[in-house]
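Asks: Now for the letters of each chain:
2 protein chains.
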Amino acid sequence: MSLKFYDFKMAPSPRRARIILAEKHVPHEVVEIDLRTGEQMGEAYRATNPNCTVPALKLEDGTVLTDNAGIAIWLEETYPEPPLLGTTALEKAEIASWQFRVETEFGMGVASALRNSNPAMKNRALPGPHNFEQIPALAERGLQQVDNFFATLETRLGGRNFIAADRLSVADVTCFVFMDFAKVVRKQPGDEHVNISRWRDSLRQRPAFRL
Amino acid sequence: MSLKFYDFKMAPSPRRARIILAEKHVPHEVVEIDLRTGEQMGEAYRATNPNCTVPALKLEDGTVLTDNAGIAIWLEETYPEPPLLGTTALEKAEIASWQFRVETEFGMGVASALRNSNPAMKNRALPGPHNFEQIPALAERGLQQVDNFFATLETRLGGRNFIAADRLSVADVTCFVFMDFAKVVRKQPGDEHVNISRWRDSLRQRPAFRL
Chain A
752 MSLKFYDFKM
762 APSPRRARII
772 LAEKHVPHEV
782 VEIDLRTGEQ
792 MGEAYRATNP
802 NCTVPALKLE
812 DGTVLTDNAG
822 IAIWLEETYP
832 EPPLLGTTAL
842 EKAEIASWQF
852 RVETEFGMGV
862 ASALRNSNPA
872 MKNRALPGPH
882 NFEQIPALAE
892 RGLQQVDNFF
902 ATLETRLGGR
912 NFIAADRLSV
922 ADVTCFVFMD
932 FAKVVRKQPG
942 DEHVNISRWR
952 DSLRQRPAFR
962 L
Chain B
752 MSLKFYDFKM
762 APSPRRARII
772 LAEKHVPHEV
782 VEIDLRTGEQ
792 MGEAYRATNP
802 NCTVPALKLE
812 DGTVLTDNAG
822 IAIWLEETYP
832 EPPLLGTTAL
842 EKAEIASWQF
852 RVETEFGMGV
862 ASALRNSNPA
872 MKNRALPGPH
882 NFEQIPALAE
892 RGLQQVDNFF
902 ATLETRLGGR
912 NFIAADRLSV
922 ADVTCFVFMD
932 FAKVVRKQPG
942 DEHVNISRWR
952 DSLRQRPAFR
962 L
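Chains as they are written, first to last, in the numbering used here: chain A, 752 to 962; chain B, 752 to 962.
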C-alpha cells in the first residue's frame with residue numbers, strides 16, 4: 752500500500768504539500784476531495800480526517816497526517832532529498848523563521864482579507880469546526896498586512912534567489928502558493944517589486960510549481 | 752564567548768525560549784531587555800535585533816536568531832538532549848502539528864483578545880514594526896477561540912501526559928506559557944478541564960517551568 756494524498760486542485764493549502772511531494776519525487780496515490788460539493792464534510796472523508804480539511808496524507812500504516820506542518824516534516828524525514836527544511840542548525844533556524852513569517856504575516860493576511868469579506872464565507876471567518884462571524888475591519892487589516900509583507904519580502908530577496916536559504920525551502924513553497932492565492936483578494940506584487948518578480952519567475956520554471 | 756539570550760522575565764514570548772534553554776541545560780548569558788521602559792526600541796538593542804523583539808539569541812559567531820521558531824530548532828540541533836521536537840518522523844510530525852495548533856488556535860486567540868482591547872496597546876493590535884488599529888470585535892473572537900481551544904485540549908489530554916508525544920515537547924512548553932499568559936484576558940481552564948489541570952500541575956513540578 753502506498754501513500755495516499757488527499758488533495759483538491761483548486762485550493763491553496765493542499766498545493767503546498769503537492770509541491771513538496773513533487774520536488775522530492777515521492778511516490779503516492781492522489782484522492783481528490785471536491786470542496787465545491789462539500790465532500791470534505793461527508794461521512795467517508797470524515798472517517799479518514801475528522802478535521803474535514805485537505806491536505807491529508809495517509810501513511811502506509813494507516814496513520815493520517817492532517818496539516819501542512821506535520822506533512823512537511825514527515826516527508827523531510829522520510830524522503831530527505833532534496834532537503835527543504837535545511838541541513839545545518841542555522842539553515843534550519845532561518846527556514847523555520849521565514850516559514851513562520853510567511854504563514855503569519857502573509858498567509859493569515861490573505862486569509863483574513865478573504866474570509867472576512869467573501870459572502871460565500873459568512874460565518875466561516877476562521878477555518879475549523881467552529882463558526883465565526885465575519886469582521887469587515889479585519890478584512891481591511893488583512894490587505895494591509897499583505898502590502899507590508901510584500902515590502903518585507905522585496906527587501907529580503909535583494910541579491911537572493913530564495914527566501915530563507917541558498918536553495919529552495921518550504922518557505923519558498925509556502926510563499927509562492929500564498930502569492931498565487933492572493934489573487935482572490937486582488938493583491939499581487941507590483942512593478943516596484945522587482946526582486947519578488949525575479950524570484951517568482953524562477954520558481955515558475957520548476958515543474959513542481961506548475962502543479 | 753558564550754550564547755547570549757535576550758530576555759524579559761515578564762513577557763510570555765521569551766519565556767518559551769527560556770524554558771527550552773533550561774530543559775536542555777544550555778549554558779548561556781542572560782541580557783534582560785526592559786520592555787516597560789521601551790529598551791527594545793533603543794539604538795543599542797536595535798543594533799542587535801532590528802526587529803526590536805525578545806526573545807533573541809546571539810550565537811558564538813555573532814549571528815542573532817530573532818524568534819521562537821528559529822531559536823527552538825537551532826537549540827534542538829545543537830543541544831539534542833533531551834529532544835523536544837521529536838525523534839521519529841511521526842513524532843516530529845505530531846509535535847509540529849500541535850505546535851502549530853497551539854500557536855494559531857490558542858496563542859493568537861489570547862493575543863487578539865489582549866491587543867485589540869487593552870488601552871495600552873492602542874494602534875499595536877499586531878506585533879512588529881507597523882501600527883494597526885484595534886478591532887474590538889476581534890478581541891471577542893479571540894476569547895471565543897481560547898474557549899474552543901480549551902475544549903480541544905481537554906479532549907486531547909484524556910489519558911495522555913503530554914500534548915503531542917509520549918514525553919515533553921515544545922508543544923507543551925508553548926501551551927503552558929500561553930496558558931499562564933491567558934490570565935491577562937481573564938481566561939483560565941475551569942473545574943471541567945480535569946485533564947488540562949493534571950497536565951499543568953505535572954509541568955509545574957519541573958524547575959524549568961518555574962522560570
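Errors might be hidden in some of the hints.
Covered by chain A, per the in silico footprint, the following chain B stretches (three or more residues, Cβ under 8 angstroms) [stated by the list, open to error]:
| hint | stretch |
| --- | --- |
| 1 | 905–918 |
| 2 | 922–931 |
Cβ-Cβ distance ranges computed for the label pairs, FRET-style [unchecked claim]:
| hint | chain 1 | residue 1 | chain 2 | residue 2 | range |
| --- | --- | --- | --- | --- | --- |
| 3 | B | ALA888 | A | ALA798 | 46 to 56 angstroms |
| 4 | A | THR814 | B | PRO831 | 38 to 48 angstroms |
| 5 | B | PRO870 | A | ARG961 | 30 to 40 angstroms |
| 6 | A | GLU832 | B | ALA871 | 48 to 58 angstroms |
| 7 | A | LYS760 | B | ARG787 | 49 to 59 angstroms |
| 8 | A | GLU832 | B | GLU811 | 24 to 34 angstroms |
| 9 | A | ASN802 | B | GLN939 | 35 to 45 angstroms |
| 10 | B | LYS934 | A | ASP785 | 38 to 48 angstroms |
| 11 | A | ASP942 | B | ARG937 | 26 to 36 angstroms |
Calculated directly from the structure, the hints in this document are not laboratory data. Glycine included, C-beta positions come from ideal geometry on N, C-alpha and C.
Asks: Quick check: does the Cβ-Cβ distance between GLU832 of chain A and ALA871 of chain B fall within 48 to 58 angstroms?
Replies: holds, 50 angstroms
Asks: Using the beta carbons of ASN802 of chain A and GLN939 of chain B, state whether their distance is inside 35 to 45 angstroms or not.
Replies: The hinted range 35 to 45 angstroms is violated for ASN802 of chain A and GLN939 of chain B, with Cβ atoms some 26 angstroms apart.
Asks: Can the suggested window of 24 to 34 angstroms be confirmed for the beta-carbon pair GLU832 of chain A and GLU811 of chain B?
Replies: holds, 30 angstroms
Asks: Is the distance from the Cβ of LYS934 of chain B to the Cβ of ASP785 of chain A consistent with 38 to 48 angstroms?
Replies: For LYS934 of chain B and ASP785 of chain A the Cβ distance comes to about 44 angstroms; the hint holds.
Asks: For the stretch 905–918 of chain B, does the count of residues with a C-beta closer than 8 angstroms to a C-beta of chain A reach 3?
Replies: The restraint on the stretch 905–918 of chain B is violated, since only 0 of its residues have a Cβ under 8 angstroms from chain A and three are required.
Asks: With a cut-off of 8 angstroms between beta carbons, are at least three residues of the stretch 922–931 of chain B near chain A?
Replies: n = 0 at 8 angstroms, threshold three: violated.
Asks: Could you say whether the range 38 to 48 angstroms given as a hint is met by the Cβ separation of THR814 of chain A and PRO831 of chain B?
Replies: violated, 24 angstroms
Asks: Verify the CB-CB distance for PRO870 of chain B and ARG961 of chain A against the hinted window 30 to 40 angstroms.
Replies: violated, 50 angstroms
Asks: For ALA888 of chain B and ALA798 of chain A, compare the CB-CB distance with the range 46 to 56 angstroms and indicate the outcome.
Replies: Since ALA888 of chain B and ALA798 of chain A have Cβ atoms about 36 angstroms apart, the given range 46 to 56 angstroms is violated.
Asks: Please check whether LYS760 of chain A and ARG787 of chain B have a Cβ separation lying inside 49 to 59 angstroms.
Replies: Cβ of LYS760 of chain A to Cβ of ARG787 of chain B: about 51 angstroms, so the range 49 to 59 angstroms holds.
Asks: Mind checking the hinted window 26 to 36 angstroms against the Cβ distance between ASP942 of chain A and ARG937 of chain B?
Replies: Hint violated: Cβ distance 49 angstroms, outside 26 to 36 angstroms.
Comparing the model with each earlier hint shows violations of hints 1, 2, 3, 4, 5, 9, 11; every other hint is respected.
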